[in-house]
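Engineer: For reference, the chains in residue letters:
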Amino acid sequence: SAVISQKPSRDICQRGTSLTIQCQVDSQVTMMFWYRQQPGQSLTLIATANQGSEATYESGFVIDKFPISRPNLTFSTLTVSNMSPEDSSIYLCSVDSAFRGLGGYTFGSGTRLTVV
Amino acid sequence: GIQVEQSPPDLILQEGANSTLRCNFSDSVNNLQWFHQNPWGQLINLFYIPSGTKQNGRLSATTVATERYSLLYISSSQTTDSGVYFCAGASGGYQKVTFGTGTKLQVIP
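Chains A and B supply the protein sequences, listed in that same order. Under the working numbering, think of the first position of the first sequence as 7, with each following residue one higher. Under the working numbering, think of the first position of the second sequence as 45, with each following residue one higher.
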């Protein structure tokens, strides 16, 4: 069974619209992380989501563009708002692997977004 | 934040060949990991290796934390090893993980 279930796996969206990506973890975790990977690039942290508080955004990312929800300890969503072709990327969620008794971080399978 | 450099950026191997990928960190890191991203974009955890050496089949990794580098060894490479390899680590007590620049590997039959 999947440790992290991320949906959708891929989508093609019209510019100006919004897409919400869901990430479900099969155990309770304190923090969840959202990353963006632009074509041919490495992964960049967008924000850290704690349950019950506002997400913490990294430099270059703002809440109006990437609103995040964290309603409970197993679930989070990332919305990509008012999309443009520059938002075409792979988006991944991640959690600390400590809940599995492992070190490091575990990643969802990713959402491949294409904006046309 | 820390800087993470990987080398080589691109690598083409004949099937069956061996290779070594390197990861250099600008500062001491914890939670050091190696990942393989397959052509479909999925990120697969290979090793969690903050220090020492680990082996898993044809793959092994070594981290020398005091010298701020890590190595990933691939032996008897197969076409399924193709993809991008990333190292990543967090510095200090902060859980922000920084990814390396990646090594794009192509194994040809």
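Possibly wrong hints are sitting among the right ones.
[Unchecked claim] To be clear about the criterion: a stretch of chain B counts as covered by chain A if any three or more of its residues have a C-beta under 8 angstroms from a C-beta of chain A, and this derived list gives those stretches:
| id | segment |
| --- | --- |
| 1 | 66-72 |
| 2 | 82-89 |
[What the hints assert, rightly or not] Per label pair, the in silico range of CB-to-CB distance:
| id | chain 1 | residue 1 | chain 2 | residue 2 | range |
| --- | --- | --- | --- | --- | --- |
| 3 | A | E92 | B | Y113 | 45 to 53 angstroms |
| 4 | B | N74 | A | D70 | 29 to 37 angstroms |
| 5 | B | K140 | A | P14 | 21 to 29 angstroms |
| 6 | B | Q58 | A | G107 | 34 to 42 angstroms |
| 7 | A | P45 | B | A61 | 23 to 31 angstroms |
| 8 | B | P83 | A | T26 | 37 to 45 angstroms |
| 9 | B | T124 | A | D17 | 26 to 34 angstroms |
| 10 | B | Y113 | A | T26 | 20 to 28 angstroms |
| 11 | A | D32 | B | K98 | 41 to 49 angstroms |
Since the hints were made in silico from the structure, they are not lab data. All of these numbers come straight from a predicted model, not from anything done at the bench. Glycine is no exception: its CB is placed at the ideal position from the N, C-alpha and C atoms.
Engineer: Confirm or reject each hint.
Structural biologist: Do the hints match the structure? See the list:
no.: 1; hint: 66-72; in the structure: violated (count 0)
no.: 2; hint: 82-89; in the structure: holds (count 4)
no.: 3; hint: E92(A) with Y113(B): 45 to 53 angstroms; in the structure: 34 angstroms, violated
no.: 4; hint: N74(B) with D70(A): 29 to 37 angstroms; in the structure: 33 angstroms, holds
no.: 5; hint: K140(B) with P14(A): 21 to 29 angstroms; in the structure: 27 angstroms, holds
no.: 6; hint: Q58(B) with G107(A): 34 to 42 angstroms; in the structure: 39 angstroms, holds
no.: 7; hint: P45(A) with A61(B): 23 to 31 angstroms; in the structure: 28 angstroms, holds
no.: 8; hint: P83(B) with T26(A): 37 to 45 angstroms; in the structure: 26 angstroms, violated
no.: 9; hint: T124(B) with D17(A): 26 to 34 angstroms; in the structure: 27 angstroms, holds
no.: 10; hint: Y113(B) with T26(A): 20 to 28 angstroms; in the structure: 40 angstroms, violated
no.: 11; hint: D32(A) with K98(B): 41 to 49 angstroms; in the structure: 25 angstroms, violated
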